[in-house]
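Protein chains in written order, with this note's numbering: chain A, 1 to 150; chain B, 151 to 326.
Derived by calculation from the structure, the hints in this document are not laboratory data. Keep in mind that the hints are not guaranteed to be accurate.
What the hints assert, rightly or not - Okay, the calculated beta carbon distance ranges per label pair:
1. B:A242 x A:V140: 29 to 35 Å
2. A:A58 x B:A291: 32 to 38 Å
3. B:T185 x A:R44: 55 to 61 Å
4. A:A76 x B:P188: 51 to 57 Å
5. B:A232 x A:P75: 40 to 46 Å
6. A:R53 x B:R217: 38 to 44 Å
7. B:P240 x A:T84: 50 to 56 Å
8. A:P75 x B:P240: 50 to 56 Å
What the hints assert, rightly or not - Pulled from the structure, derived: some chain A residues nowhere near chain B, Cβ distances all over 10 Å:
9. R44
10. R65
11. P75
Positions of the beta carbon are idealized from the N, C-alpha and C atoms, including for glycine.
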Amino acid sequence: MTSPSPSTGTGQVPALQTALAAEHAVIWGYGVVGAHAGEALVARVRAADEEHRTRRDATVALVTRYGGTPVPTEPAYALPFPVTDRASALRLAVHLEEGAAAAWRYAVAATDDVGVRRTALTALSDAAVQAARWRLDLPVAPATVAFPGD
Amino acid sequence: MVAVARRSVLIGGTVGAGLLVAGCTSGGPDASAPTTPPPDPLLAELADERRLVAAYDATVARYPALRGRLAAVRADHAAHAAALVTALGPAAPTPDATAAGSAAPTAGATATPAATATPGATAVPGTATAALAALRAAERAAASARGTVALTAPADRARLLAGISACESSHLVVLG
Numbered sequence: 001m002t003s004p005s006p007s008t009g010t011g012q013v014p015a016l017q018t019a020l021a022a023e024h025a026v027i028w029g030y031g032v033v034g035a036h037a038g039e040a041l042v043a044r045v046r047a048a049d050e051e052h053r054t055r056r057d058a059t060v061a062l063v064t065r066y067g068g069t070p071v072p073t074e075p076a077y078a079l080p081f082p083v084t085d086r087a088s089a090l091r092l093a094v095h096l097e098e099g100a101a102a103a104w105r106y107a108v109a110a111t112d113d114v115g116v117r118r119t120a121l122t123a124l125s126d127a128a129v130q131a132a133r134w135r136l137d138l139p140v141a142p143a144t145v146a147f148p149g150d
Numbered sequence: 151m152v153a154v155a156r157r158s159v160l161i162g163g164t165v166g167a168g169l170l171v172a173g174c175t176s177g178g179p180d181a182s183a184p185t186t187p188p189p190d191p192l193l194a195e196l197a198d199e200r201r202l203v204a205a206y207d208a209t210v211a212r213y214p215a216l217r218g219r220l221a222a223v224r225a226d227h228a229a230h231a232a233a234l235v236t237a238l239g240p241a242a243p244t245p246d247a248t249a250a251g252s253a254a255p256t257a258g259a260t261a262t263p264a265a266t267a268t269p270g271a272t273a274v275p276g277t278a279t280a281a282l283a284a285l286r287a288a289e290r291a292a293a294s295a296r297g298t299v300a301l302t303a304p305a306d307r308a309r310l311l312a313g314i315s316a317c318e319s320s321h322l323v324v325l326g
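Isolated chain B, as found in the complex (with noise of 0.2 Å):
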């Protein structure tokens, strides 16, 4: 019902404008998203570092014969990730819970196809070939980030960045 009666609203003129309008202005944070200064940038790359951690640990958790392999390459990211709190300083986020930091042991001691098809958990795919491929990708696609974002960085920021990005394309010779 409520749907509907919404669904009218939007499709309605002057009305449904006024709402949309009352919506806007009453959302009192939100409404003052425009001038709220955007987000640090290295925030994204944290998240996407302990993406990566998460990632390392469902692969090792799925199949342990990688440990050894992945291992030292698991902790670069922690590393990384260690060291973009570091820069971000007091806007860095509370170490989460759900994050990396508690992945190892709940992955491992759930090592099971139904618990990495678990919504929020790291998909690892059905082969360790393909898992190997998954994580090259992975690799790639966060170097080429964490180099675009240190292009433009204040020298500090640059020099850190810039730094991940190698390290991640080094990855890719161990992976391959």
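For reference, chain A alone in the conformation it holds in the complex (with noise of 0.2 Å):
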């Protein structure tokens, strides 16, 4: 088995290890979403986690096809703030995307590996846009912001 491209540089794996922490911890927190969301947000908080799941996996096989030991998933992490509520729950979706809209935007600049970047890029858009759908939910406003994952 090759190297699935040539790796002219040398930020993929310590970029993508950082993409799948966030990842693992995003996972984590939908599930305290969805503790907290109600009954009407279950079926989008879980299609939101089954997003990032299949992120994760997909990020998990690039790591190790780049020579790299996945990191593994913490047994907790902290919460940014009590997740009581809906509103609580939403905010915290919110946080969660905005994290790793960050993780990835951290990896488009990473790597010059383009197709690494490509993934990286498609996981930022999706988590700006995550993000806004959860802002529109809240409602907070303005729903978008100009420079997701500053």
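Two chains, two separate frames, one set of hints: put the complex together.
Here you go:
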């Protein structure tokens, strides 16, 4: 087996590991979101969670292909604020997507591999889109930010 | 008469070719074009961000009820343009009076179909629904363009362009 593409850059594995660690945290966080967001949002929380699980699995595979050992998930993470109801659950969901956006935006700049950059850009865009959806649900204005991941 | 003469020269053989060569070499700056560095790729992205700002201004001028929904999106594009100017540094064009900067008051003062049909102004579709669809299409194209440039840009520019691209994708949530 050869590596998937010529690794002209040096940042692929560290950048992807940072993003993978973020995805682990996001998936843990969506468990908390789902417990408090309320029945009406259950399906959408599950869909967002599923999207991140798919992305996590793809990132694990990518790290492995580039010769790294994928970082494991932590047993638990610290919440940025207490989550007790629908509003705080949605705020956490926004926070999680902003974290994912930051990690993937870092990954874009940390590698010069076009394929990895494309993967990171897609993940960054998806996180920005999902964050905007949760902001509309809260609702909080504006629903978008000029530079997701800043 | 001149047009006829040119046409005959182009069709003709040796004489025409000689004139064409003369025309090229007498161009001075144009003649050295092949050795001139290509324009900074961020210039096209900046021009497009300014066009987007103008498109939002024209849309809000025609459909004031959309202002609340579109104001923040317009502000995002203005922030993108400002960031691109910073990234361009000395290569950035000076603020253009015909660009987005002056579009808001002008469009607001002359919010008529005739004004939006002025050459060079942003054409706004005839219904609010169609106007939103046009903005969605523009956002998709912008996200794609910025994203494509980001793939091969230096790291700092890639970070900037990727952020702009992602923001533009998220605008579809607001415009949907």
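Each hint, compared with the structure:
At about 33 Å, the CB distance of B:A242 to A:V140 agrees with the hint of 29 to 35 Å. A C-beta distance of roughly 27 Å is found between A:A58 and B:A291, which places it outside the suggested range of 32 to 38 Å. Checked against the hint of 55 to 61 Å, the C-beta distance between B:T185 and A:R44 comes to roughly 57 Å, which is consistent with it. For A:A76 and B:P188, the hinted distance range of 51 to 57 Å is satisfied, since their beta carbons lie about 52 Å from each other.
For B:A232 and A:P75, the Cβ-Cβ distance of about 44 Å falls inside the hinted range of 40 to 46 Å, so the restraint holds. A beta carbon spacing of about 40 Å between A:R53 and B:R217 agrees with the range 38 to 44 Å that was offered as a hint. Under the hint 50 to 56 Å, the C-beta atoms of B:P240 and A:T84, about 53 Å apart, fit the expected range. Between A:P75 and B:P240 the Cβ separation comes to about 52 Å, which falls inside the hinted range of 50 to 56 Å.
A cut-off of 10 Å between C-beta atoms confirms that A:R44 is not in contact with chain B; the least separation is 13 Å. The beta carbon of A:R65 is kept farther than 10 Å from every beta carbon of chain B, the shortest such distance being approximately 19 Å. For A:P75, the condition that its CB be more than 10 Å from all CB atoms of chain B holds, with the nearest at approximately 31 Å.
Hint check: a violation occurs at hint 2 only; the rest are consistent with the structure.
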